[in-house]
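Student: Here the protein sequences line up with chains A and B, keeping their order.
The opening residue of the first sequence carries number 8 in my numbering; numbering runs sequentially from there.
The opening residue of the second sequence carries number 7 in my numbering; numbering runs sequentially from there.
It should be emphasised that the hints constitute simulated quantities derived from the structure, not laboratory data.
Fair warning: there could be bad hints in the mix.
To be verified - The calculated lysine to any residue pairs, modelled on SDA-like cross-linking and capped at a C-alpha distance of 25 Å, are:
no. : chain 1 : residue 1 : chain 2 : residue 2
1   : A       : Lys215    : B       : Thr73
2   : A       : Lys215    : B       : Leu229
3   : A       : Lys215    : B       : Pro59
4   : B       : Lys136    : A       : Leu302
5   : B       : Lys74     : A       : Ser204
Here is how the chains run, residue by residue.
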Amino acid sequence: MHFDDLAHNWGPLTASGLAQGAIYALFALGYTLVYGVLRLINFAHSEVFMVGSYAALITWGFFGLDENSATPPATEVIGYVVLGVLVAAAISGITALVVELVAYRPLRRHNAPPLAFLITAIGASLVISEAVGVATHRNQRGVPPLIQPADAFTIGNTHVTNLEILIILLTLVMMVGLDRFINRTRLGRGIRAVAQSPDTAALMGVNKDRVISLVFLIGGLMAGIAAVMYLFKIGTTRYDAGFSLGIAAFTAAVLGGIGNLRGAVVGGIIIGLFENYGSALFGSNYRNVVTFVVLIVILMFRPSGILGEALGRARA
Amino acid sequence: MLLEIDNVTLLYGRIQALHGISLTVNEGEIVALIGANGAGKTTTMRAISGLRPIASGRIRFAGEDITKLRADLRTVRGISQAPEGRGIFPGMSVLENLEMGAYTRRDSAGIRADLDRVYGLFPRLKERAKQVGGTLSGGEQQMLTIGRALMSRPKLLLLDEPSMGLAPMLIQQIFSIITEINQQGTTILLVEQNAQQALSRAHRAYVLETGRIVKSGTGTDLLHDPAVKDAYLGVA
Numbered sequence: 008m009h010f011d012d013l014a015h016n017w018g019p020l021t022a023s024g025l026a027q028g029a030i031y032a033l034f035a036l037g038y039t040l041v042y043g044v045l046r047l048i049n050f051a052h053s054e055v056f057m058v059g060s061y062a063a064l065i066t067w068g069f070f071g072l073d074e075n076s077a078t079p080p081a082t083e084v085i086g087y088v089v090l091g092v093l094v095a096a097a098i099s100g101i102t103a104l105v106v107e108l109v110a111y112r113p114l115r116r117h118n119a120p121p122l123a124f125l126i127t128a129i130g131a132s133l134v135i136s137e138a139v140g141v142a143t144h145r146n147q148r149g150v151p152p153l154i155q156p157a158d159a160f161t162i163g164n165t166h167v168t169n170l171e172i173l174i175i176l177l178t179l180v181m182m183v184g185l186d187r188f189i190n191r192t193r194l195g196r197g198i199r200a201v202a203q204s205p206d207t208a209a210l211m212g213v214n215k216d217r218v219i220s221l222v223f224l225i226g227g228l229m230a231g232i233a234a235v236m237y238l239f240k241i242g243t244t245r246y247d248a249g250f251s252l253g254i255a256a257f258t259a260a261v262l263g264g265i266g267n268l269r270g271a272v273v274g275g276i277i278i279g280l281f282e283n284y285g286s287a288l289f290g291s292n293y294r295n296v297v298t299f300v301v302l303i304v305i306l307m308f309r310p311s312g313i314l315g316e317a318l319g320r321a322r323a
Numbered sequence: 007m008l009l010e011i012d013n014v015t016l017l018y019g020r021i022q023a024l025h026g027i028s029l030t031v032n033e034g035e036i037v038a039l040i041g042a043n044g045a046g047k048t049t050t051m052r053a054i055s056g057l058r059p060i061a062s063g064r065i066r067f068a069g070e071d072i073t074k075l076r077a078d079l080r081t082v083r084g085i086s087q088a089p090e091g092r093g094i095f096p097g098m099s100v101l102e103n104l105e106m107g108a109y110t111r112r113d114s115a116g117i118r119a120d121l122d123r124v125y126g127l128f129p130r131l132k133e134r135a136k137q138v139g140g141t142l143s144g145g146e147q148q149m150l151t152i153g154r155a156l157m158s159r160p161k162l163l164l165l166d167e168p169s170m171g172l173a174p175m176l177i178q179q180i181f182s183i184i185t186e187i188n189q190q191g192t193t194i195l196l197v198e199q200n201a202q203q204a205l206s207r208a209h210r211a212y213v214l215e216t217g218r219i220v221k222s223g224t225g226t227d228l229l230h231d232p233a234v235k236d237a238y239l240g241v242a
């Protein structure tokens with residue numbers, strides 16, 4: 008145990024953990040939104056994320072940017088980053104929508120049992136990741152050096168980088184925006200209505216299928232944005248990049264209280280922080296051990312997660 | 007004829023819940039459907055609102071065949087159901103529940119006017135506007151489902167057991183409000199176990215027994231029918 012390491016590096020570990028947690032939070036939203044409305048764990052969501060990371064890299068590739076390129080001038084960088092985020096969000100959103108239309112909707116038409124949904128979700132996940140694996144020869148692909156890590160500010164020995172600030176700010180903006188959308192708009196009310204009582208929502212004139220599509224689309228958009236942030240933080244992607252990250256994000260959703268949007272954020276940040284603290288304390292080989300021990304302990308005391316279940320009850 | 011149900015059958019798995027039901031509701035009426043527990047009253051409601059597909063028969067509303075129409079689209083056409091058992095959205099405030107009732111509407115001025123109308127009928131809901139639905143008392147939740155159903159400005163209001171679980175004084179009050187809603191121009195189909203109240207308020211009524219309609223007539227006729235008295239009115 009390296010308590011001195013943890014104590015000494017507490018600041019930087021926290022900054023990095025918050026950024027990592029922000030990515031988990033954005034990623035976890037897709038799990039929690041879909042679960043809230045359908046009571047379904049959409050395992051293919053990890054592939055929605057992975058596809059988004061490739062979408063951004065391919066977009067930058069169109070402009071001749073790859074991992075060996077030089078960093079373009081600052082004004083162009085902003086353009087590329089924005090474009091990458093938009094394309095990744097769009098492609099991830101569309102992928103999520105296609106999974107819902109092709110894989111899940113036909114099952115709902117036939118009133119399939121929950122197990123059929125579960126195995127379909129796993130199957131959809133494998134189909135997408137293996138297809139990308141074959142197409143990319145299972146190679147990893149590097150990120151063009153659009154953002155050169157630099158300290159934005161320093162407190163003591165804590166160097167907070169421009170990238171960490173970007174990730175945390177972007178997540179914050181998306182979360183506040185989504186929270187307002189769900190809680191303050193007519194469509195958001197429709198989503199909560201279906202989550203709370205699908206039959207009663209239909210009596211109000213809510214088109215359930217349209218709400219479900221919307222929820223997949225939103226989850227996909229958020230995963231696409233998370234994917235670009237992940238690219239900048241980690242530097243590469245691969246056909247199986249969604250898998251391990253997806254487990255962490257799904258864990259975050261369960262930890263915060265699956266079905267609860269704010270819970271996904273809380274869970275994501277806790278997992279991000281504990282991964283970093285745990286690595287410092289026990290060595291980085293133990294990061295997943297620490298994460299899941301934390302999960303199990305918290306669920307022992309709060310079985311429905313820190314903030315509890317239900318999208319509909321996500322109001323503060 | 008606003009609503010016409012013709013020979014409708016309905017199955018729950020292998021169990022037949024409705025054995026060829028036919029009934030009509032004319033514009034401006036209050037029609038009551040009475041019967042014991044398990045007679046098929048709520049099932050009939052769910053067939054009309056579209057929550058449950060029917061096995062055979064026809065449902066026509068305002069001159070159109072809606073047999074195959076999805077539930078949410080029936081609401082758009084003007085059928086609004088206040089579900090039984092306090093079917094509110096428990097995590098939404100009273101105001102949000104009422105706004106959900108107007109989900110299909112975009113005329114914000116009209117919605118505001120109807121909100122005032124509902125608050126006029128149920129002043130208690132106005133006092134509790136910000137309160138979360140799940141924390142309301144049983145009677146208040148009942149008022150909320152009725153008020154919410156009115157928010158779509160329906161042509162036909164389906165009320166499923168509006169008096170269920172309420173204290174006698176509150177039952178009186180709810181039925182007065184139902185009559186008032188009808189006098190303001192809304193046609194009502196009412197499902198009730200409280201046959202006394204339902205028959206004395208309704209223009210016409212049907213008696214449902216194990217998925218079949220066994221009797222129909224004006225509310226007053228049925229109120230004085232010996233068999234109905236015996237079975238449903240608990241007359242000594």
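Student: Output the indices of the hints that this structure fails to meet, ascending.
Tutor: 2, 4
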